[in-house]
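A.B. asks: Line by line, the protein sequences give chains A, B, C and D.
Residue numbers 1 to 330, in my numbering, belong to the letters of the first sequence in order.
Residue numbers 331 to 660, in my numbering, belong to the letters of the second sequence in order.
Residue numbers 661 to 1004, in my numbering, belong to the letters of the third sequence in order.
Residue numbers 1005 to 1348, in my numbering, belong to the letters of the fourth sequence in order.
Each hint should be verified, as a subset may be incorrect.
Stated by the list, open to error - Within a straight-line C-alpha distance of at most 27 Å, the following computed DSSO-like cross-link-like pairs (lysine-lysine) qualify: (1) B/Lys361 <-> C/Lys973; (2) C/Lys973 <-> B/Lys358; (3) D/Lys1229 <-> D/Lys1191; (4) D/Lys1229 <-> D/Lys1061; (5) C/Lys717 <-> C/Lys847; (6) A/Lys274 <-> A/Lys213; (7) A/Lys28 <-> D/Lys1317; (8) D/Lys1061 <-> D/Lys1191; (9) B/Lys543 <-> B/Lys604; (10) C/Lys885 <-> C/Lys847; (11) C/Lys885 <-> C/Lys973; (12) D/Lys1317 <-> A/Lys31.
Stated by the list, open to error - Partial pick of chain D residues on the chain C-facing surface, computed with a CB cut under 7 Å: (13) Asn1107; (14) Trp1188; (15) His1274; (16) Ile1299.
These are calculated hints, taken from the structure and not from any lab test.
From the three backbone atoms N, C-alpha and C, an ideal C-beta is built for every residue, glycine too.
Residues per chain are reported as follows:
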Amino acid sequence: MSTLPNETLVEMQRRMLRIRRFDERASKMVKRGQIPGTVHTSIGQEAQVVGATMALGDDDYMSGNHRSHGHPIGKGSPLGPLMAELVGKATGVCGGKGGSLHLADFNVGSLGESGIVGSSIPIATGAALSSKVLDNGRVALAFFGDGAANQGCLYESMNMAGVWDLPVIYLCENNQYALSTPAHTVTSGVIAERAAGFGMPGVRVEDGQDVLKVYEAVSAAVENARSGGGPTLVEVITYRYNEHSEGLRLGTDYRDALERESWVGRDPILSFRKHLVDSGVATEDEMDQLEIDVLAEVEEAFEFSQESPFPEPEVAFLDLYTDNPIGAHA
Amino acid sequence: MSTLPNETLVEMQRRMLRIRRFDERASKMVKRGQIPGTVHTSIGQEAQVVGATMALGDDDYMSGNHRSHGHPIGKGSPLGPLMAELVGKATGVCGGKGGSLHLADFNVGSLGESGIVGSSIPIATGAALSSKVLDNGRVALAFFGDGAANQGCLYESMNMAGVWDLPVIYLCENNQYALSTPAHTVTSGVIAERAAGFGMPGVRVEDGQDVLKVYEAVSAAVENARSGGGPTLVEVITYRYNEHSEGLRLGTDYRDALERESWVGRDPILSFRKHLVDSGVATEDEMDQLEIDVLAEVEEAFEFSQESPFPEPEVAFLDLYTDNPIGAHA
Amino acid sequence: MTVMSYLGAIGAAQREAMEADERVIIIGEDVEANVYGTTGAGKSRKDKGDFLEMFGKNRIRNTPISEEGIVGAAAGAAMTGLRPIVDLSYSSFLYMAMDQFVNQVAKNRYMFGGQASMPVVFRSAMFYGLSTGAHHSDRPYPMFMNVPGLKIITPATPSDAKGLLRAAVDSDDPVLTFEACTLWGSKEEVDEAEYRIPLGVARTHREGSDVTVVAISGAVPEAIKAANALAEEGLSVEVLDPRTLVPLDREAIVASVARTGRLVVADPAHRTCGAAAEISALVAEEAFGSLRAPIVRVTTPDTQIPFSPAIEKQLYPDAMKIAAAVRRVCDVPEPAQETALSAR
Amino acid sequence: MTVMSYLGAIGAAQREAMEADERVIIIGEDVEANVYGTTGAGKSRKDKGDFLEMFGKNRIRNTPISEEGIVGAAAGAAMTGLRPIVDLSYSSFLYMAMDQFVNQVAKNRYMFGGQASMPVVFRSAMFYGLSTGAHHSDRPYPMFMNVPGLKIITPATPSDAKGLLRAAVDSDDPVLTFEACTLWGSKEEVDEAEYRIPLGVARTHREGSDVTVVAISGAVPEAIKAANALAEEGLSVEVLDPRTLVPLDREAIVASVARTGRLVVADPAHRTCGAAAEISALVAEEAFGSLRAPIVRVTTPDTQIPFSPAIEKQLYPDAMKIAAAVRRVCDVPEPAQETALSAR
Ligand SMILES: Cc1ncc(C[n+]2csc(CCOP(=O)(O)OP(=O)(O)O)c2C)c(N)n1
Ligand SMILES: Cc1ncc(C[n+]2csc(CCOP(=O)(O)OP(=O)(O)O)c2C)c(N)n1
Ligand SMILES: [Mg+2]
Ligand SMILES: [Mg+2]
């Protein structure tokens, strides 16, 4: 991967940092009551997210899940409207109608995060069908977790994509837990190995904390898809540092404290920074500056979210249909 | 398999014949308007059905699909109430409420055929869960077609069964078509090979017209399940001689005429008869007599179905709930 | 004008739409082989599946049996530039895809603040009265009516089928169409040229002054039959078909009851929380002042559908039951002698 | 008697049932860890998930995220000797399993002529009003009411929750229970001993003579609040909670309206084909003679649920809206000054 231009490598680090700082900020906001409900952070999973999203082109499509902020940020969505959406403001990327779980930014090919586990996998498959029928060369990628890998719609989608050679990547973010449930207790077999039975390559990225490894695997899948080779299932092993969702206090310890520490010890952002500096791509100063820039970006997004107005009451009755608000009968 | 007692071998032939003659009769009845709606025959698939059902014990459970007569017949259900059910009589196995698509005979462990493709696969899985929780040693088997193998609930079920080591066999009757659709055009990969990704053995019986081969494969799976080894996916290659359903006249030829002939040429019942005679298990005369006996059984079932009364109108309002017919508000 | 059957009209509308717009595709199980007779340019299933010849495999797509995947993929395709028509064959199969219908198809535009548009049509046939048993006899439109974001049409005649389906394909919102198999055989003069019937406009099949019968889908011909027979008894019955259940032509219904003062609703769906309940509740709120009698629903009772032909048909709304309900709200005794209806 | 919260009462009923019958098992996502606080013997989620300790892994089963498979497996288990309680957490996840609910759970006993019995309970929580967005805010009981063969309970208080859930587990038919999160915090004196509240019996929370308010689930406390406030305006409001939607206590509803002559229905579900529509239609048919005013439904309008806290809460039935509807049917003007309700 030494062939990647320096700007691309730095951009990877920038996007990982954006996700980290954005989610740290969001977590704080939840605790302070500045965000209603909860959010699911991608802290710890940045390499997996950015390695995948940066392997896509700007025109490519993506669908996601409840662990939802990293995906659009990784795909290049500006932070202000994302943060405003988390707060429920009119300037939010969905006008305040979606919230954290349902971020979507069609401008960057983000077709929507889904609060329903597994439910957006067929959506990405359909985007790939469009691409195939219209022959426009776009690729689609569906993000989902190890828990979602047990939803039947994944296999219906994989089979259909296999039969039609659709340009789609099924990207399983295996952070080893679904809420309180360890993946190995509810998963029979190995997720990546499920691909073979559906006639497609299955790839397992064991070190999902290395953004380049993820990028490499997903890029190969994207290239294959774009050239007519059909779908790929990519499973990435990773870890979330925080609780399943912010503010969720579970009574039982389903994760070992040492386990978490060992993952924090090989942090994707710290190690990639080291890699960039060691390999001469960037200096320590440049990396410091990057941190400062990103923090400022997040701060600005926060300000934007605070200053923006809430939507007007009647907005609740719009956007149900394209023609008229027939949802309004109360 | 030479260890099987002669009576068992002859019983296999008897059950295959029962299915053949029953379905031939049912087909005629549809054409004569004696059965409302349609039926889906198992003609040509008898070895696959009987090899599987006879590998089960009397107490074991089974669920099935729209190609529905063979399964309960194979499991030992008497023909009269089955035939009466096809006609909608009060003496039918479901009192006339089910019809061909929804045969069930709880006396022989038949938990019901399903008109909804794939829908009864979780039911068998649940029966296996009962068996596991109650520790009663029973095994469950789900019959489904190559078409159903693309329904997501199969993979949800397989995964759950794998995780919980449930005593269940997923039996795919691959007759190579789903209605007008050739399996290879809508199936990515190989069905039996899907098992591996779900952590269970996958077996493909290439010669599904040989009742002993099917029996052997399913028996091994049953034994494994009963001894705590968990689920198995068994795919059996077979062929239906008739149209998808009786009386369905499709405008397009999706099957090659020669293809059908070649399958008829290796008929499971004729070849097993030959095997029984050649290996000295039975004489030609005994086999002739068996044919006569089975024909008489079917004739008797037909008579029973004709002589039986239709249900009374109020029966339509019963059996919705156990306590009272609250369905009756009209 | 030419005589078309109900299925023929559906085929014709699909053909028109396919020819008019390359982004329209048809996906579903067995659509290549024209098994259900509507992907053969409106001809019966005996004919070759000529949509395949006309439009090719790229636009006529046989799917695996994976309803959830199909519906979701159609939604994703609609969000990214295609205008799919999904053939789900039987209405009973829609349940398999319920999550996609409710959580993606109906919600995405709203949830994403208008970013998504969802131009997709889901066709399915309601089989009932044909001894197809409990798994193939559902009339599930009421549960979809409770899901904001979906549009729902239930055409009752060939000309309505052609015009409404064409409007559905043109709509940028998701439309479900429920086609009762009891209507398949019906024939009428239909305009071969392109036309659209706007969603949300009821059709008055027969004017009358004593009572309004709002009839849905397969109940429409039964209501007309009842109205004709009751005319001989001196009752003037207005028969109104909403044609689209979402949006519902509330104004037409309320206006009719305001004139007649009486309402019977004939609805082949199950009774509890059915379309008839909605129409009754609408009138009880908005036309109460005009009402001179109880609102009577003629529906399929809250029981599942038995297979046996001896006991199935009694369950559905038919002309006899509709006539009895009309007599009840008009406080007219049942005729002592046999009528045209009871002799059926 | 002891004070229990709504969730505590659910935990207590489950514990009772688990202790009384070995065939009762609990399956669902994250039930081992007591994430939703009801598999911890009625204690809050801060406590250890002690059901696991008490009943062991054989009877407390964490499942994969596979709702369709879970519901179907529970149905199959119920048909073969177990009596599962399925914890589906959010009501919005029920759609994933719709085929199993409609085609297996609801139909099997009927289709198989009474051979199957289906003693299984499906629990789910309706989150709304908490900025959980469109995917986690559904109140989908009306679509299940349209499916014959299911029983449906919507307990509105801790004591109802305990007694109804216990009766549901005892029932040999499938029961869905919808638990509104807005009720979770409510507390009342509850009998610690075993008791059952039969399904199909409404509860009159408050007697009154001017108008009947039928309120469902989370709307019940709002209706009581409205009734109390309206008493100060001189209006006598009867508040009736059906408690079980299937079977519905039709007699109690009709009898109440026969006394008061007026009906308002408060129902947190979407309007079209909701539970309120059914109750209105029932009364418009069976108590028309007593009705002195239009029947008014106070429901969530037919829109999806927006995330923003600024615009979500306006959508649900609350005491203000219920009071306004009562005044409307009683033909009483809105009070000119601020009332206790508008000040909330
Ligand atoms: C259909 C459905 N079932 C259950 C849930 C509740 N739920 C939300 S997130 C989650 C765990 C998801 O785990 P995984 O897919 O591994 O994603 P992760 O949170 O680990 O990123 C569960 C059970 C849901 N939202 N949707
Ligand atoms: C959920 C669902 N989708 C579609 C159908 C319509 N249908 C009935 S049988 C069938 C083909 C089934 O093929 P397969 O599973 O291979 O069984 P076979 O008929 O070949 O035995 C189809 C599409 C159905 N009954 N249920
Ligand atoms: Mg996970
Ligand atoms: Mg087949």
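A.B. asks: Of the hints stated earlier, which fail here?
C.D. replies: Hint check: 4, 5, 8, 14 fail, others pass.
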